[in-house]
Structure formats: structure tokens, C-alpha cells
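Assemble the whole structure, with the sequences as input and the hints as a guide.
Heads up, the sequence shown is in our numbering, so the first residue is 45 and it goes up one at a time.
Errors might be hidden in some of the hints.
[What the hints assert, rightly or not] With a straight-line cut-off of 30 Å between C-alpha atoms, the simulated DSSO-like cross-links for lysine-lysine are: (1) Lys230 <-> Lys257; (2) Lys257 <-> Lys242; (3) Lys257 <-> Lys233; (4) Lys149 <-> Lys242; (5) Lys115 <-> Lys60; (6) Lys242 <-> Lys56; (7) Lys115 <-> Lys242; (8) Lys230 <-> Lys259; (9) Lys115 <-> Lys259; (10) Lys233 <-> Lys115; (11) Lys257 <-> Lys115; (12) Lys233 <-> Lys259; (13) Lys56 <-> Lys115; (14) Lys230 <-> Lys242; (15) Lys149 <-> Lys115; (16) Lys56 <-> Lys149; (17) Lys242 <-> Lys259.
Since the hints were derived computationally from the structure, they do not count as laboratory data.
Quantities reported herein were computed from a predicted structural model and do not represent experimental measurements.
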Amino acid sequence: MAIDLVLVDDHKLFRKGLRRILELESDFTVVGEAGNCEEALAVLRQVTPDVVLMDINMPGCSGIDTTRHIKSLYPEISILVLTIHDDTEYLFEVVRAGAAGYLLKDVEPLRLCEAIRTVALGGAVVNPGLGDKLVQEFARLVEQPAATVLPSDTNIISAREQEVLQLMARGYTNREIAAQLFISEKTVKNHVSNILRKLDVSNRTQAVVKGVKLKLVTIS
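Structure representation (C-alpha cells):
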């Protein structure tokens, strides 16, 4: 699978170094770079990448706000945040903004490349350690009383969509869900899109969190 990338970071030297690393991979093509939100949106008017690698700290509009803008305009683009912030507050903010992944900038190149491929396939990745804290947040949600579900909401997603959502909660990619349920990857993508729309969320992690609150899925 060929993966087109856009790099968004206000440090040009970092972008250039990152670009050199990524373009060593035969399936990666960097199709654009930007140093701030305005430049990023201008690039995306010209190209449609599979994944945007996003910094958090940028002049003017932050990477979190830039992520929110991009996901509102181009929901099909996956965003992987690369940051120096080892902080769950930022993690939860970028998840709410619509990012599919959150890694620290000192990540090993091999792990970064694996993460890019994962989010390009519809999966989610979180830096080790922060991932444990995200699981703890899921556990906290499970322990809370379930959100009030109105009768009209009990069938908010179909039985098949609930199966897909459960596998999403286990961290399965679209390809893995397709293999597990014996359906096509395209069908999985349609189910995921329907789930996000019906639950009124912008990404998979938000869908799982809301699914937990509504007792549509379980986290074990």
C-alpha cells in the first residue's frame, strides 16, 4: 500500500530530517510540508495525503486546533501527532480533536514507520506509557454509571456495527476487522464511517469512549 504524507511542523530542520528518514521507505511519499495551520490547509487544498504528521507547538494556531480544522474539512485523512509533550492532558486533547495517533519525537524510526502504516489502515497508536494511561481512562469510564440511554438510542448502531465497534475497542485495524468478520475492507470502512456518524464523533478512539459510556462495547 502506497502512503502519501504531509509533514506539519514549524521547525524546518526537523521536517527535513524527518522527510529524509521517511523517504527511505519504499511505500512512503512526502507530498507536502507546512510550518503552521494556514500553510497546512493551503497544502491540503492541493494534495490529499493518507496521513498528516502533526506537531503540537506551532506559532498562531496550535497543532491541536490545526488537527480539528483538518478533520472537519477532510475527515478521511488520518493525523499522527509527533510531540515533545509526555502529558496525558495533551493526549486527550488531540484525541478529542480527531487525531489517530500520539507519539513522542524521540520515537525510534522503525516504530514511527509502523505507526504511520497503522493509522493509514484505520488503526490508532499511542506512545508506550501514555497508552497505559489511556487504558486507565477507559477503565474509569467503565466504572462510572452508564450514560442515560433513551429508548430511541438503544438501536443507535446495528448489530454488525456493534461487532465492528467491539473490535475497534480491541485495537484492530480495518484489515484485521475484515478478516475477523469475513467481510471486505471496503465494507469495514463503510461500517466505521456509519459508526462515527451515528455516535457523532470524529475518530475511532472517541467512538470507543462513547461506546463504553453507552455500554455498547466492553473493555477487558
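Hints and how they fare:
1. Lys230 <-> Lys257: 28 Å, holds
2. Lys257 <-> Lys242: Holds: Lys257 and Lys242 sit about 15 Å apart, inside 30 Å.
3. Lys257 <-> Lys233: Since the Cα atoms of Lys257 and Lys233 sit roughly 23 Å apart, the hinted pair holds (cutoff 30 Å).
4. Lys149 <-> Lys242: Violated, because 34 Å separates the two Cα atoms, which is more than 30 Å.
5. Lys115 <-> Lys60: 25 Å, holds
6. Lys242 <-> Lys56: Roughly 40 Å between the alpha carbons, so the hint for Lys242 and Lys56 is violated.
7. Lys115 <-> Lys242: Holds, at roughly 17 Å.
8. Lys230 <-> Lys259: 27 Å, holds
9. Lys115 <-> Lys259: 26 Å, holds
10. Lys233 <-> Lys115: Measuring from Cα to Cα gives roughly 16 Å; hence the hint holds.
11. Lys257 <-> Lys115: 23 Å, holds
12. Lys233 <-> Lys259: 22 Å, holds
13. Lys56 <-> Lys115: 24 Å, holds
14. Lys230 <-> Lys242: Given pair Lys230, Lys242 holds - Cα atoms ~18 Å apart, limit 30 Å.
15. Lys149 <-> Lys115: Within the cut-off at roughly 22 Å; holds.
16. Lys56 <-> Lys149: 15 Å, holds
17. Lys242 <-> Lys259: It holds: about 15 Å lies between the C-alpha atoms, which stays within 30 Å.
Of the numbered hints given earlier, the model fails hints 4, 6; all others are met.
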